[in-house]
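Q: Need the complex rebuilt from these two chains, each delivered in its own frame; the hints are there to steer you.
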Amino acid sequence: MRRVAIAAIACAACLTAVPARAHEIGTTRVRAMFDSKNEYSIEIVTDAASLIEKIDVASGRTAGASGDDAGLARRLRASDAMFRRRVGVDFGLRAEPPAIEYDVIRGTATAPAVAKITLRGRVPAGASRFRWSYGWTFASYALTVECESCRPVTEWLEGGEPGGVLPSIAPAPPTRMRIARQYLALGFTHILPHGLDHMLFVLGIFLLTRVPRHVLAQVSAFTIAHSITLALSMYGILSAPARVVEPMIAASIAYVAIENVLLRQVKPWRIALVFAFGLLHGLGFAGALKELGLPRSEFVTALLTFNLGVEGGQLTVIAAAWLATSRCMSQSWYRARVVIPASLAIAGISLYWTAARI
Amino acid sequence: MAAGVLIAGTPLAAHDMWIEPTGYHSRIGEIVGLKLRVGQDFLGDPLPRDPALIDQFISVDADGRKPIVGRDGTDPAGFVRVSSPGLLVVGYRSRPSRVVLPAEKFNQYLKEEGLEPIAALRADRRQTGEDAHEMFSRCAKTIIASGSPAATDGDRALGFTLELVAERNPYALKAAENLPVRLLYENRPLAGALVVAINRANPSSRISARTDASGRVGLRLAQSGNWLVKAVHMIPAPAGSGAEWASFWASLTFDLPGAQS
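Line by line, the protein sequences give chains A and B.
If you're matching positions, the first sequence starts at 1 in the numbering used here and goes up one per residue.
If you're matching positions, the second sequence starts at 359 in the numbering used here and goes up one per residue.
The shape of chain B in the complex, shown without the other chains (with noise of 0.2 Å):
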């Protein structure tokens, strides 16, 4: 489980997918709006709502799971009413999309997102040269707050197939604390996976651990502020998927409270 920092620089092969509210601390009855971002370092652009990429789009609170509604073509993608005290979570997950990546490009990604067994079995398979026929998929959650944060409160599974989940209340979060964040594929714990966290306020900064035997990392997040945290998982693509490769971009964002850090 070791953490680093690494710096981004020149724009990244394969980009990013989150969801950006437009308020992370919200009141009871509060309408919040629920952006859709794609890009790197967690500067994005406006998704609008697409119905035909939407395969679940969903809050769950104390109350329970709704879908999140929306006007589509239109961002922010959707809005949820915040009705309960405590966390609320919002999960976005996409159909596939596909794409054809460039050797080059697809190999440079591989890398950027830690994703080293892959490149080995394209070596093994004697592909790395190839272009690669690719289908992605979002995985993107976000924890908005409301009322004042109890620290028994915590993040959700929504059962998305990858998704990182935060075994703490980020909003109770004490200074100098590590946030445990567990990565699940298929609701599983998955090993050896890299863990990127993004702070708004210092994007080119990130700091990156890999998950352990239990799919955990703990991140030392020492800044207050907004926070993306993102995992990417690859497999071989099913056969009859007319893809080589398919992928699953999880994102998980949150605010770290001031007053914590």
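Just chain A, with the same shape it has in the complex (with noise of 0.2 Å):
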């Protein structure tokens, strides 16, 4: 499900349009709270008596005696078409209208009776804004925008004018859980379907042996390899640039595919080789990942997850290079008839990626 709340940033930004506020603040307040469930709710905490006696003009009737605090709950709620007409809860989309509970809090012989007005409804999905307008209010007030996953934003607004000034809604800002599968997601896909490359690369290691213990050497030296790049790059400690680094990528791979024609067995130099490739691959991981943007408040986060998707994606290659070839694997025909036009295959393609990335 999509949620949706209140960016602090979005709010700070439309601050700057609004026009200075006068200093004369009312009494009236509202709140306006969204939560993950993609409902809001909007308090407005107002003088009862004046808000009365406007709906009552507003209605073409003589402003009458405020009467006692239950008639003013029962008066307003008795008003409830003409008091909509004034507030305004528009999210850019079609949205169905909130639904609106009016309580009155008795007054006391120095205060006032208040109005704890109680606008509910659900954000409609895909709404990147919210606008709020309370025409009922000539006074300055305070709205405070609230949502479960950002600092409250108090801004102070204008009555009296209908279409009012807008806080914006945009995505919360994400929580870490959030950002932890956004990141793995794009690590996994970064590999499968995108990264054409990576995978040959990882088939490469794969086509050489049929000892799962020296795929998983491979694979692990790759992995440990292009993290340590990987981190440090994206930390800023070492950087290259990605006309070098592409084509070295795609060297890289066509090295590995013909050392597979070549070899017939996992020897100690290929794991130094693979590591030395991981490292490399990891800048390119870093350029992708540099692209993406990563959340400051999470780097970390996003730095790990990223990785773990990035092995997931080799990790589904390699389980499914395994399933495709396990009935053959042990033929004698398998080095033959699989490997060798694979690896060449591959040998081919990236070849052709090398020359055209220089």
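Keep in mind the hints are simulated off the structure, nothing from the lab.
Ideal placement from N, C-alpha and C gives every residue a C-beta, glycine not left out.
Check the hints yourself; a few may be wrong.
Said to hold, decoys possible - Negatives, chain A to chain B, calculated, CB over 10 Å: (1) Ala-95; (2) Ala-111; (3) Pro-212; (4) Ala-288; (5) Glu-311.
Stated by the list, open to error - If we take Cβ atoms under 10 Å as the criterion, some of the chain A residues that face chain B in the derived model are: (6) Asn-38; (7) Leu-51; (8) Glu-53; (9) Thr-137; (10) Phe-138; (11) Ala-139; (12) Ala-142; (13) Gly-159.
Claimed, not checked - In silico contact screen, one side only, chain B against chain A (beta carbon under 7 Å); selected entries: (14) Gly-397; (15) Leu-401; (16) Asp-403; (17) Asp-421.
A: Given below as structure tokens:
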């Protein structure tokens, strides 16, 4: 489910569009709350008698005596349709009108009765903004916007202006879990289906040997290496231009594929080479991750989960290859009919890339 | 001194501020709450007592001038004990508030408040299309009556920057008599200013008149009930104030007893 809530940044940005406030601050307060279930509630606290009076006049009635507090609540409920006319909750999309509850907190000898009005509704799916207007007050009032994962933002609005001032809704500043899920998926899809070159490299690693231990050793070396360079370059310690890294990545794939044709088993230097290539691929992943952008607040989370996603993508490729070849792997013709042609194909493609990327 | 009736409709670009006592007629010894209201068409929102805004909040009666007491942040903003018969005048003068108004809104406000000279000045300076930096201050008064009204009682000039002074006791006004009101700016009559009177029971129909050379208007208040009389004056803001325009909002509230109408 898409979660929508208020971004503090968006609100701060719209503040600049607000005319500087007069300092005559009334007693009206508005609090808008957005929860993670896409529901909102907007609570208006305002002087009951002056609200009733304005509604009466707007309805063409003579502003009458205030009456008792219970009477005020009754009159407010009876004026629901009129009240709604000067209250705007706009998400830029069609939305059900809010349900409105009217309450009056009794006055005392020194404090007048206060109306507490609560608007509830659902934020329509895909909403990207929230525009509030309240035309039942003439004084300046505070609008506080709150959501579960953001700091409350208060802005001062001028009352009496229908169409008023707008805080914007934006996707919630995402939670750690959400970032983790997002970057896990980004890492995975960077390999599968988007990273054909990385897929071919992993297939190249897989094709050389039928011994699971050797596959695992190579994959581990590759993983450790690319994690190192990914982290170093994301922290800005290491940097390499894509025009250097990308052709080298293509060349590394070609190298592994050609070696698969020439070698029959994993040699010690192969692990070292795969490690070296891993360092190279890590730089490539870093380039991709930089393009995606990392949330500053959850840098480590995003880095780790992206890496994990990459890992998941690679293991999926290996698992798929394993499934596809498990029947013929023990056949005598496996090398001649599978490993060599496949490796040659990979070598061909990656040599072409190498040339194309230079 | 042309009088006319204006029909107010849409929301106005700038708001009035006035004092609404919990009772316009009171007995000796009674405590009257003084509610500050900001709004339009005599429909207002509470303005709780804000010490940062108050320049003067005083009452004047036969016994003299006293500060109005109250609790900060609450509405009513102040309380006064009625201690002598006659008229009790309460005044509230605010410190200036600053506001930046978009050109369109400011121009609209100049039109609504009859501030044509300022609109002309802006046009001369080719500023009509520009946002306006304004500082505004309030000069609100209310008149509370106690005891039987005497024609000899009158409103009092408090010395506010812009001030409306009723020249007859509204509580002793006879039917079909005009209420002469004088507008003073820095204690001198202000000519050519728009004075508007609004009745609470019928706020959308306004009575308006321009002050004559002696700063006077004669308001024909045909309806009984609570009245708000208001006027706005604007000048180029003094250099160094950080604003372009300084405005002063005078208001006067009182009740016109039914028997007289």
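Q: Was A/Ala-95 rightly flagged as not at the interface, with every chain B Cβ beyond 10 Å?
A: 25 Å, holds
Q: Far enough from chain B: is every CB of that chain over 10 Å from the CB of A/Pro-212?
A: A/Pro-212 clear of chain B: closest Cβ-Cβ about 73 Å, beyond 10 Å.
Q: Mind checking the CB of A/Phe-138 against every CB in chain B and telling me if the closest is under 10 Å?
A: 4 Å, holds
Q: Hey, does A/Ala-111 actually stay past 10 Å from chain B on C-beta?
A: Non-interface label on A/Ala-111 violated, nearest chain B Cβ at 7 Å vs cutoff 10 Å.
Q: Is the shortest C-beta separation between B/Asp-421 and chain A less than 7 Å?
A: The hint is violated - B/Asp-421 has no Cβ within 7 Å of chain A, the shortest such distance being about 25 Å.
Q: Would the hint on A/Thr-137 stand, with a C-beta cut-off of 10 Å toward chain B?
A: 5 Å, holds
Q: If you take the shortest Cβ to Cβ gap from A/Ala-142 to chain B, is it below 10 Å?
A: With a closest approach of 13 Å, the A/Ala-142 hint is violated.
Q: How about B/Leu-401: closest beta carbon in chain A under 7 Å, or not?
A: Given a least distance of 5 Å, the restraint on B/Leu-401 holds.
Q: Answer holds if the nearest beta-carbon of chain B is closer than 10 Å to that of A/Glu-53; otherwise answer violated.
A: 6 Å, holds
Q: Given A/Leu-51 as an interface hint, is the shortest Cβ-Cβ distance to chain B below 10 Å?
A: Interface hint status for A/Leu-51: holds (9 Å vs cutoff 10 Å).
Q: May I ask you to test the interface hint for A/Asn-38 with respect to chain B, counting a Cβ-Cβ separation under 10 Å as satisfied?
A: Violated, about 33 Å.
Q: For A/Glu-311, is the shortest CB-to-CB distance to chain B above 10 Å, so the non-interface label stands?
A: 56 Å, holds
Figure legend: structure checked against the earlier numbered hints; hints not met, in rising order: 2, 6, 12 and 17.
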